[in-house]
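There are 2 protein chains.
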Amino acid sequence: MDAVNRQARPTLVSIAQELGVSRQTVSNVLNNPSVVHPRTRERVDAAIKKAGYRPSAAGKALRTQRSMAIGLRLYRAVDGINGAVMDRFLHSLAEEAQRLGYQLTLLTADDAAGEVEKLETLYRSASIDLAVLTDTGMDDTRPARLRENQVPFVTFGRPWGRIATSDHCWVDVDGAAGTAAAASWLRELGHERIGFLGWPEGSGVGDDRRAGWWATVADLPGSAGLSVAVLDDHPSAGVEGATQLVARGATAIVCASDSLALGAIGHFRTVGRLGEAEVPVVGFDDTPVARATGLSSVHQPVEQAAVDLLELAFTVLDGKTPARPQRLLEPHLVQRRLQPFAR
Amino acid sequence: MDAVNRQARPTLVSIAQELGVSRQTVSNVLNNPSVVHPRTRERVDAAIKKAGYRPSAAGKALRTQRSMAIGLRLYRAVDGINGAVMDRFLHSLAEEAQRLGYQLTLLTADDAAGEVEKLETLYRSASIDLAVLTDTGMDDTRPARLRENQVPFVTFGRPWGRIATSDHCWVDVDGAAGTAAAASWLRELGHERIGFLGWPEGSGVGDDRRAGWWATVADLPGSAGLSVAVLDDHPSAGVEGATQLVARGATAIVCASDSLALGAIGHFRTVGRLGEAEVPVVGFDDTPVARATGLSSVHQPVEQAAVDLLELAFTVLDGKTPARPQRLLEPHLVQRRLQPFAR
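Chains as they are written, first to last, in our numbering: chain U, 1 to 343; chain C, 1 to 343.
Certain hints may be false.
Copies of the same chain are indistinguishable here, so a pair counts whether it falls within one copy or spans any two.
Derived DSSO-like pairs: lysine-lysine, alpha-carbon spacing no greater than 30 Å straight-line [as the list claims (entries may be wrong)]:
1. 118 to 50
2. 49 to 320
3. 50 to 320
Hints listed in this document are in silico derivations from the structure and should not be mistaken for laboratory results.
Could you build all of it, start to finish, from the sequences and the hints given here?
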């Protein structure tokens, strides 16, 4: 990196002085070149280039009161396998934002309070025009706090629990529809004792995924009660849960995540239940490890979520009322056969 | 999200007019409150809060010519398993940037030319102060182009090939030291026929990793020539490469990535070579899937890389000469035993 002497940075005024023209002339060359005599324009252009003058986005931001930036908290990945779906969302949001002429500004925080504070600071200083919240949790207080502080926002994830301000714009993926599709497929494969492996009640996302399984197997007597909750989202917790479910008679398992499914497959492998046919385990999130090993999984349309979220956001920023301000997107089941090396 | 009427956004002037005070008074309350009479200060403060006035970062950026933002291209993950290491780097860079009062501005691009163009535009408009390049490739033209255009930058990754401008600041991880540590460990476990599974010659990163293996096994006659290159970085390519190496007598394999290692383990499993002891396969990058399955792998200190990169960057931005402008960080080998479910 070359040293840049900050003090010597050129300004409209310094370039004007150097050339013996007015500041307005230099400004015109930048913003309204047709009003400047071609010869003058050429001279000024050359001087601007030579000086490395940066016609500041800050100036434009001051005039328009738009920073053209969107604030988003980057979560520390708790579990890299499942964190992958949020990384896909981040990529999609960055691409869609750029297509719309916006930048994505990342922030980090230790907790929800720190996130809200940081977003407020960025918004108050016009460093961002808008916040995108992700990972909406049960009784999430962030929407209410941002609204109180008049920070425009949209959320990727619906409000869960008893939340007063649930009328903000959000986009979410219908997790229940995903686990329902998974359970239906396992039924089509001939399974009647289909278990569900997830997390303890009380997490919006987890309860939603359990509900989709149950709605699909409720009429199968063999599947009644075949639901197990584990505390972690890790393959070893998946082994533990699958062991319980298989002991209780399950021949197939719908999992709340690919991490759990990876462990469930490991258990089936250990007890010699991995044949040549489809593996009777379905994961959730269609993570890279699912694609690499050939695990069937529920795929979330996060690219579409990013597009919809920014459409909602900019409609409201423009003072208009969006069509369908709350959108539940349909996931789809990716059916795979386990790679030979993973059997 | 609440509608925000952009036209009605308050300014210093509108707040001053409303209160019947001068613009300077409002500005003083924001920037130099001690000079304002407490009663006036309180009134102005209340009006600022009520109006939701945003003392603009753009104004500050105009005055200081610093945007307090760092530009970084977000690559589309080619392979999510190995993409994980870049996501770790992104998290670390965002955290370290924020600690230093900077934001990370993400951009997307289709290729190197698009990336450079976007970075130049952002720099010229003072939207970023600095660029961080990652994924440095063979004969990478980006450093030269950014230098030509006077955009300050640092790179995560050393220059590979015949590059003229290799004297810029960079931080990289010593891949050869990582594969050397992996091969040494396999020697300690008693292996004498240790193979290397990587990519065709010509990629800087791949050649570097092969060199570390070779330096460590060159005196083992049984390891001579036990190097195989595959085209993809995918577990199925790993199966293919491991099959060749095992056929040629290899009892242990150092892999250029965790994806390849995952496939190599699959091959060992298929041929019944996974016992209770340490699996004779080492991956690279210590990705989440390595942690989840118990794969030994070389861990890159990307957190340290982020800290060092920004230290170098800001030293140079401040017009000073950094100590050790080119830094090669030592990775370390994480020795694991394969989880029972993955055997």
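Status of each hint after checking the structure:
Within a single copy, residue 118 and residue 50 get their C-alpha atoms only as close as 38 Å, which misses the 30 Å cut-off; across copies the closest is 20 Å, which meets it. Taking the shortest Cα distances, residue 49 and residue 320 sit within 30 Å of each other only across copies (25 Å), while inside one copy they are farther apart (41 Å). In the homo-oligomer, the alpha carbons of residue 50 and residue 320 lie at most 30 Å apart only across protomers (23 Å), although the nearest pairing inside one protomer, at 44 Å, exceeds that limit.
Figure legend: structure checked against the earlier numbered hints; every hint is met.
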